[in-house]
Amino acid sequence: MYLGAWMQTVTLIPGDGIGPEISVAVMKIFEAAKAPIQWEERNVTAIKGPGGKWMIPPDAKESMDKNKIGLKGPLKTPIAAGHPSMNLLLRKTFDLYANVRPCVSIEGYKTPYTDVNLVTIRENTEGEYSGIEHVIVDGVVQSIKLITEQASQRIAEYAFEYARNNQRASVTAVHKANIMRMSDGLFLRKCREAAEKHRDVKFTEMYLDTVCLNMVQDPTQFDVLVMPNLYGDILSDLCAGLIGGLGVTPSGNIGANGVAIFESVHGTAPDIAGKDMANPTALLLSAVMMLRHMGLHGHAKKIEAACFDTIRDEKVRTQDLGGNSKCSEFTDAICQRVRDMD
Amino acid sequence: MAAHSAVLSVSKIINPFWGGRLGNTVKVFGTTLTSHRNKTQRAPPPAKYGGRHTVTLIPGDGIGPELLNHVREVFRFSCVPVDFEVVHVNSALETEEDINNAITAIRRNGVALKGNIETKHTMPPSVKSRNNLLRTSLDLYANVMHCQSLPGVQTRHQNIDIMIIRENTEGEYSSLEHENVPGVVESLKIITRNNSLRIAEYAFRLAREKGRRRVTAVHKANIMKLGDGLFLQCCREVASGYPDITFDSMIVDNTTMQLVSKPQQFDVMVMPNLYGNVVSNVCAGLVGGPGLVPGANYGRDYAVFETATRNTGKSIADKNIANPTAMLLAGCMMLDHLKLHDHASSIRNAIFTTMNENRLHTADIGGQGTTSEVVQSVMRIIQSKGQLTAEF
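Just so you know, the sequences run in chain order A and B.
When we follow full-length UniProt numbering, the leftmost residue of the first sequence carries the number 1, and every step to the right adds one.
When we follow full-length UniProt numbering, the leftmost residue of the second sequence carries the number 1, and every step to the right adds one.
Just so you know, these hints were derived from the structure itself, not from any lab.
Given the structure is predicted, the values throughout are model-derived calculations rather than measurements.
If a hint is listed, it holds; no wrong ones were tucked in.
Straight line, CA to CA, 30 Å or less: simulated BS3-like cross-link-like pairs of lysine-lysine:
{"#": "1", "chain 1": "B", "residue 1": "LYS262", "chain 2": "A", "residue 2": "LYS110"}
{"#": "2", "chain 1": "A", "residue 1": "LYS275", "chain 2": "A", "residue 2": "LYS28"}
{"#": "3", "chain 1": "A", "residue 1": "LYS92", "chain 2": "A", "residue 2": "LYS76"}
{"#": "4", "chain 1": "A", "residue 1": "LYS202", "chain 2": "B", "residue 2": "LYS319"}
{"#": "5", "chain 1": "A", "residue 1": "LYS53", "chain 2": "B", "residue 2": "LYS225"}
{"#": "6", "chain 1": "A", "residue 1": "LYS76", "chain 2": "B", "residue 2": "LYS225"}
{"#": "7", "chain 1": "B", "residue 1": "LYS210", "chain 2": "B", "residue 2": "LYS339"}
{"#": "8", "chain 1": "B", "residue 1": "LYS225", "chain 2": "A", "residue 2": "LYS48"}
{"#": "9", "chain 1": "A", "residue 1": "LYS197", "chain 2": "B", "residue 2": "LYS120"}
{"#": "10", "chain 1": "B", "residue 1": "LYS225", "chain 2": "B", "residue 2": "LYS128"}
{"#": "11", "chain 1": "A", "residue 1": "LYS315", "chain 2": "A", "residue 2": "LYS275"}
Go ahead and model the full structure; you've got the sequences and the hints to work with.
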């Protein structure tokens, strides 16, 4: 029995819409599980810094730099607010270069696809989302896709490290080097080099179209997938669709200097905000991913099992999962299960 | 009938005179008046000597040669008046001589049937994809794929009926790449107004022709604001000229999510090149795999038919296990293009009977039949219908 167990502080960004209520749900469940986590709540609404450049509030940045680990709810995308999306700002501030999404079929939430168990690792800083576009002449637009050696190397190394640390057997690089010979060719070369350094993990390469084709026929053949930005965006959402959508998919963003922000990737759902109808599963599973990243595997397993058991039980489910329970009821059911496990 | 010819003559007067001046109005007005003339399929090339068509055949690599041999066998057996001019393209060569010969042959004949030509990674980046070269040189701007659930094939989703129209010449496949600074590669994605209008026009015309109710544009304009924004704008412009067809748009990542959960919601989809690649492969996978769906590449003057997902299938080549359905159906699409509808229907019906009634399936759709068994069955069924056939 440890008195005064070592607590780790995590920056919590509740977000907008249903963000606050699902954050509360997660905090409650963590408390019931006696997870050694202390939460430091921060707001990341963009402010104009000295020099007129948009940035996240300094206290938020300070907290993240100190704690290194963050949990984030959904953020509103501003239209005509004058500043870029907060997600983009966070990404740039902390150099969040890898977006990791483990997609595991949830027993008890039936989709046409069972036994899905794969991880998509997406390069998150460059590629097709460089934002560099020009109008060459009236009616001709050029968008630039940027692939650099440095970023490709970084993401490839991360993919193999992740595979090693999480006991995954193989890494597949997804590309279109038959058409984009130089850019995807460079990406592929870096993946091959990283594979040489990690011989204990199997490495394969597959065209994007072949991956899509095979993914919808037999997703069990895939393990860890690593790819540039655009393909990653499409494939990670495709895989989320296989297991039930964004409402049940966890996601983590890994940055330089050991920073990691875990988040739910669904929207703010303003129509159900404040009505105790939201489903906290996505944020909860992201928090579980966070626990695993921090090495707290015991607590992670406990909370995850409680969550899956509750969904499988079908008695207490939120509306989006086909039930008619409230968010608080769902949360309490999980808390009860967690307590019973001790 | 008098009204019909009156409409024809009115349109003849209006179009040339008002063409440049009324802009969008002409598009709307002109379309309704002249749509009966601007059919999606152009007139076939004149039949060659003796009433027989000549079609270019490019075997390609992997399973291409064996499947195209089967197509020739079935055509010969059914006495189809088509002669094939075979042009080989060696994917191991760095020169473009081979592919240029193929392109010349297609320009001469107007129609081609092809297998996929492999793009070897060991080649330097200056060696471009042969398939892409073919498409851009012949300006085959529309890639059309029709994904339908087949009753005889077991899949997770049923009742799928989606037509995918994909821009085939520009976008991410422009093959314009450079390395200004070592270690930093830029790849250009080009979207032009002309090509976007052209493909949107094609999509809506095809939708109207086939009696489809809804066209969905797939894009990522929230990130690529100028590029995909232009594409979307062009689609909206064209949509305004087709008030009988509903138009909506969807972001590509949401599209893929919707496709794996509720594919029945989609009718006709139009999109730029890369998203077309992703969506067409997802849809092909949903209806049963790469062995089932044929694809067509249409340009203003030429048409090239192939399997929809363009796989080389190296791992299953020459093992007599490949599914001939996609290539045979591509052959039927070609026959329809050449206005040889009777032949097209008889072969198509034989294929579907084999698949849905006899349930003779190859390994990729869960059966144990070989390629030749399926082809023999198709030929037997054609013979049993009493049409003129050659000997077995």
